[in-house]
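Generate coordinates for the entire structure from the input sequences, incorporating the hints supplied.
Chain residues, written in single-letter form:
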Amino acid sequence: MQAGKPVLYSYFRSSCSWRVRIALALKGIDYDILPISLIKDGGQQFTKEFKTLNPMSQVPTLKIDGIILTQSLAIIEYLEETRPTPVRLLPQDPKKRAHVRMISDLIASGIQPLQNLSVLKKVGQETQLAWAQAVINSGFGALEHVLQSTAGKYCVGNEISMADLCLVPQVANAERFKVDLSSYPTINRINKTLLTMEAFQVSHPSRQPDTPPEFQA
Amino acid sequence: MRMLGKGNPSKAETLDVLLSQTQRPTTAWSPLAPAPPTLLLAPPFTKQILREIPLFKGHWNRMAVPEKPVLYSYFRSSCSWRVRIALALKGIDYDILPISLIKDGGQQFTKEFKTLNPMSQVPTLKIDGIILTQSLAIIEYLEETRPTPVRLLPQDPKKRAHVRMISDLIASGIQPLQNLSVLKKVGQETQLAWAQAVINSGFGALEHVLQSTAGKYCVGNEISMADLCLVPQVANAERFKVDLSSYPTINRINKTLLTMEAFQVSHPSRQPDTPPEFQA
Chain C
1 MQAGKPVLYS YFRSSCSWRV RIALALKGID YDILPISLIK DGGQQFTKEF KTLNPMSQVP
61 TLKIDGIILT QSLAIIEYLE ETRPTPVRLL PQDPKKRAHV RMISDLIASG IQPLQNLSVL
121 KKVGQETQLA WAQAVINSGF GALEHVLQST AGKYCVGNEI SMADLCLVPQ VANAERFKVD
181 LSSYPTINRI NKTLLTMEAF QVSHPSRQPD TPPEFQA
Chain V
1 MRMLGKGNPS KAETLDVLLS QTQRPTTAWS PLAPAPPTLL LAPPFTKQIL REIPLFKGHW
61 NRMAVPEKPV LYSYFRSSCS WRVRIALALK GIDYDILPIS LIKDGGQQFT KEFKTLNPMS
121 QVPTLKIDGI ILTQSLAIIE YLEETRPTPV RLLPQDPKKR AHVRMISDLI ASGIQPLQNL
181 SVLKKVGQET QLAWAQAVIN SGFGALEHVL QSTAGKYCVG NEISMADLCL VPQVANAERF
241 KVDLSSYPTI NRINKTLLTM EAFQVSHPSR QPDTPPEFQA
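As given, the protein sequences belong to chains C and V, one line each in that order.
Residue 135 in full-length UniProt numbering is what sits at position 135 of the first sequence, and the numbering runs on without skipping anything.
Residue 203 in full-length UniProt numbering is what sits at position 203 of the second sequence, and the numbering runs on without skipping anything.
I should point out that these hints are in silico values taken from the structure, not numbers from a laboratory.
A quick note: this is a predicted structure, and the numbers were derived from the prediction, not measured.
Treat the hints loosely; a few may be bogus.
[Claimed, not checked] Straight-line Cα separation of at most 30 Å, DSS-like style, residue types lysine-lysine; simulated pairs:
1) C:Lys153 with V:Lys159
2) C:Lys178 with V:Lys114
3) C:Lys48 with C:Lys63
4) C:Lys48 with V:Lys159
5) V:Lys90 with C:Lys95
6) C:Lys121 with V:Lys184
Next comes the structure, spelled out in structure tokens:
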């Protein structure tokens, strides 16, 4: 591992980690991955060492420029401010920026946390599938409406943004929980478009250093 | 009747009446509207008279008058409180349209409100001709369009990242897990223990984070968006009987912030829709 390269603590299937992996790929930033399995050994995120890095015991966590950052959107905004080229992840216009953040937050606060691993554990094995589906359907129903006002080729107009980085991983979660995406044509269309892009492919859960054989591309 | 954000609390009216009022075109004269050249040169006394003459009055009234922002808010919604603090700190005058999350099965579920916010949540802000949802997206928009008199994010990118990290820890990692709709799904018997577990888990982590980042406030010695998230979340913790003595840094910063006017005027106990039993 080279000194000075950013280090991303990531789990192959964590949608929040995937958001950051896409950002790093779009910005052409070379980095190392330190995989944290959320399952093995009772969950490697709970070790004392990892808790020191991220007291929330969550991925992603990024070591960069001598600091440790947590929270995927805070990380992405930092990358945007310090490495604006070659691809911008937020538009210049304040109203469009607000729409990008609004959609990102709808997903990152309004959907994903309600169906993450620790909540599903609390809810219990019998209820967790129905719970996850309800949460995702509720959020995607709202998001579909929002996108009808904001979307062009991508979530906000015709430029890729942080909102798109949140969308694709959340659609993957939806698929894992067997949510029927045909009710969400705009989400579906944008997701398909984005998945053709290299940054979304190299960062894909099926192509990570910690991807188990049964999930590999 | 509209309620001023800074202001004078008066009786909340029904959503229907208030929504219809927001659609009425504004024709009031505003001192901010640019005056036509002939009127500009007239002395103030003359301007006052001229304005009353129908020819000039009509002209005056047709000038563009920026509409006041409108915040859809619930007195006890911690997410709404974050935005109320931001508006107060930035000295932005606004109107509140209260949305009760309890009455009538929850006014956030009406067809009219769902049109404004398909997530059926508060806060929602009408400003500059657009509708914004998600408290942190709203706050960042206010910061970018109205940077003075108080900045809510520092200049340094690393400090900005810390501000957003703490804000997101609260706004994604704690609050959504104990909001009204989740507690309903969890059920009455389990909800108190659930809320306490979620808040204790999050505050335990936050206390550690603050030990590296905090000065007088959450990040160093300048107030920021992180502080706007902290105070309302502490209020939630108190509502769910969480023991705050385990979190001395959170406690200290919360107390400091509550002495500030912006945190007081925006307080849940002083809103137009605050029920009598919760009023200050």
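For each hint, the structure was consulted:
1. C:Lys153 with V:Lys159: Roughly 34 Å separates the two Cα atoms, so the pair is violated.
2. C:Lys178 with V:Lys114: Cα-Cα ~26 Å, so holds.
3. C:Lys48 with C:Lys63: At roughly 17 Å apart (the allowed maximum being 30 Å), lysine 63 (chain C) and lysine 48 (chain C) satisfy the hint.
4. C:Lys48 with V:Lys159: Distance ~26 Å between lysine 48 (chain C) and lysine 159 (chain V) Cα, so the pair holds.
5. V:Lys90 with C:Lys95: Between lysine 90 (chain V) and lysine 95 (chain C) the Cα gap is close to 18 Å, so the pair holds against 30 Å.
6. C:Lys121 with V:Lys184: holds, 18 Å
Of the numbered hints stated above, the single one contradicted by the structure is hint 1.
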